[in-house]
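Sequences and hints are given; from them, build the entire structure.
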Amino acid sequence: MIGASKIKQYSNVLEKPLSKGKQEVSLSAFAFLFSELVQYNQTQVDNIAELERRLEDAGYAVGARCLELLCHREKVYHIIVKLCVMFMPFWLSQGNRRETRLLGILSFVHSTVWKVLFGKVADSLEKGTEHEDEYMISEKELLVNRFISIPKDMGTFNCGAFVAGIVRGVLDSAGFPAVVTAHFVPMEGQQRPRTTILIKFAEEVLRREARLG
Amino acid sequence: MIVCVAVVGHQNNPLYIQSFTEADDALKLHHIVHCSLDVVDERVNNPKKSGPTLNETFLGLLYPTENYKVYGYLTNTKVKFILVTTDLDVRDVDVRNFFRRFHAAYVDAVSNPFHVPGKKITSRTFAERVSNIVKSFGLSST
Numbered sequence: 001m002i003g004a005s006k007i008k009q010y011s012n013v014l015e016k017p018l019s020k021g022k023q024e025v026s027l028s029a030f031a032f033l034f035s036e037l038v039q040y041n042q043t044q045v046d047n048i049a050e051l052e053r054r055l056e057d058a059g060y061a062v063g064a065r066c067l068e069l070l071c072h073r074e075k076v077y078h079i080i081v082k083l084c085v086m087f088m089p090f091w092l093s094q095g096n097r098r099e100t101r102l103l104g105i106l107s108f109v110h111s112t113v114w115k116v117l118f119g120k121v122a123d124s125l126e127k128g129t130e131h132e133d134e135y136m137i138s139e140k141e142l143l144v145n146r147f148i149s150i151p152k153d154m155g156t157f158n159c160g161a162f163v164a165g166i167v168r169g170v171l172d173s174a175g176f177p178a179v180v181t182a183h184f185v186p187m188e189g190q191q192r193p194r195t196t197i198l199i200k201f202a203e204e205v206l207r208r209e210a211r212l213g
Numbered sequence: 001m002i003v004c005v006a007v008v009g010h011q012n013n014p015l016y017i018q019s020f021t022e023a024d025d026a027l028k029l030h031h032i033v034h035c036s037l038d039v040v041d042e043r044v045n046n047p048k049k050s051g052p053t054l055n056e057t058f059l060g061l062l063y064p065t066e067n068y069k070v071y072g073y074l075t076n077t078k079v080k081f082i083l084v085t086t087d088l089d090v091r092d093v094d095v096r097n098f099f100r101r102f103h104a105a106y107v108d109a110v111s112n113p114f115h116v117p118g119k120k121i122t123s124r125t126f127a128e129r130v131s132n133i134v135k136s137f138g139l140s141s142t
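Residue numbers (my numbering), protein chains in the order written: chain L, 1 to 213; chain Y, 1 to 142.
If you want the footprint, here are the derived chain L segments under chain Y, 3+ residues with CB under 8 Å: (1) 64-72; (2) 97-105; (3) 163-175.
Hints are computed from structural coordinates only; laboratory data are not their basis.
Ideal Cβ placement from N, Cα and C applies to all residues, glycine included.
Below, the structure is given as C-alpha cells:
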C-alpha cells in the first residue's frame with residue numbers, strides 16, 4: 001500500500017532544521033543603517049556637495065557588486081532556451097546575458113536591479129527631450145528617502161544620491177560610463193515632490209550605440 | 001588535471017593567477033594565459049551571429065597548444081576567467097560546472113566591502129575555495 005509519509009514532529013524546537021531564511025531585510029533596520037551612514041558622513045564634510053559625493057561613492061561600490069551578483073544569480077529563461085532545455089539540459093543559460101545596447105542596460109536597471117533592491121520595478125523610464133544622451137528613471141518616493149526630511153537650509157540636497165551612486169556603479173561596471181544625479185521634481189497636485197534619477201551617458205557610449213545601429 | 005586558473009579584469013589586468021603544479025614553469029603558464037586574452041577579445045568583438053552564442057558567458061575552448069587546452073569564460077562586467085588544463089578528454093559539462101562554481105566563489109570574493117575593484121584578490125577564503133573546486137574537477141565524471 002502506498003502510504004502518505006508522516007510529517008516528522010520535532011519534540012524540541014532546537015532540533016528543527018534551520019530554514020533558509022527570507023531573502024529580505026527589514027525596512028527599519030535598513031532605515032537605521034542608512035540614517036547612520038548619512039549622519040556619519042555629515043560630520044566628516046564641510047559642504048553639501050561633498051556629502052552628496054560621499055553618498056554617491058558609497059552607492060557606487062554597492063552598484064558594482066550588485067551587477068556581479070545579479071548576473072550570477074538571476075535565472076533568466078529565454079524562449080530559445082526553454083526549447084533547448086528539453087533536449088540539451090546543459091545549454092541552460094544561467095544568469096543574464098551581457099547587455100551591449102543602451103536600452104537593454106537601461107531596462108535591466110529599471111526592472112531587475114530595482115526589483116532586487118527595492119522589491120518593485122521603478123515607476124517610469126523616460127528619454128530626455130533636450131539632449132540625446134539623457135535618460136530619467138523616476139520614482140514617486142525612493143525607499144531610502146522614506147524616513148528622511150531635508151532641513152530647509154540644505155537646499156536641493158537629496159539622499160537619493162546614494163541610489164544615483166548605485167545606478168552609476170551598475171552602468172560603469174557594465175561598460176556604460178555615465179554621470180548620474182538625483183533630483184526632486186515638484187509635481188502639481190501632490191505634496192511631496194517626485195524623485196528623478198538623471199542619467200547622462202558619456203560620449204563614447206553614444207558613439208558605440210550609433211555604430212551598432 | 002588543471003594546471004592553472006586565472007582571473008583577468010576588464011582592462012586585461014590580472015586579478016588572480018594560481019598554478020597547481022610545481023613541475024611546470026609558472027612563467028610559461030602566465031604567458032599562455034596572456035596569449036589567450038587575445039583570443040577572448042577576438043571572440044567578443046566578432047561574435048558568431050548564431051543565436052545562443054551571442055553574449056554567452058561561456059566561451060568554450062579558446063585554443064589548444066601542444067600539451068594544454070585553454071578554456072575561457074566572460075562575465076557581464078567583462079571579467080574573464082581562464083582555465084588551463086592538461087586533460088585530453090575533458091567534457092563540456094565538466095568545464096561549465098567548474099566555471100559556474102568558480103563564478104560563485106568570485107562573486108563572493110568581490111562582494112567583500114574591503115575588496116577594492118581592480119586590485120588583486122587577496123582573500124584566503126577565495127584561494128581555498130578555488131583549490132577545492134580544482135581538486136573536485138573531473139572527479140564526478142568517473
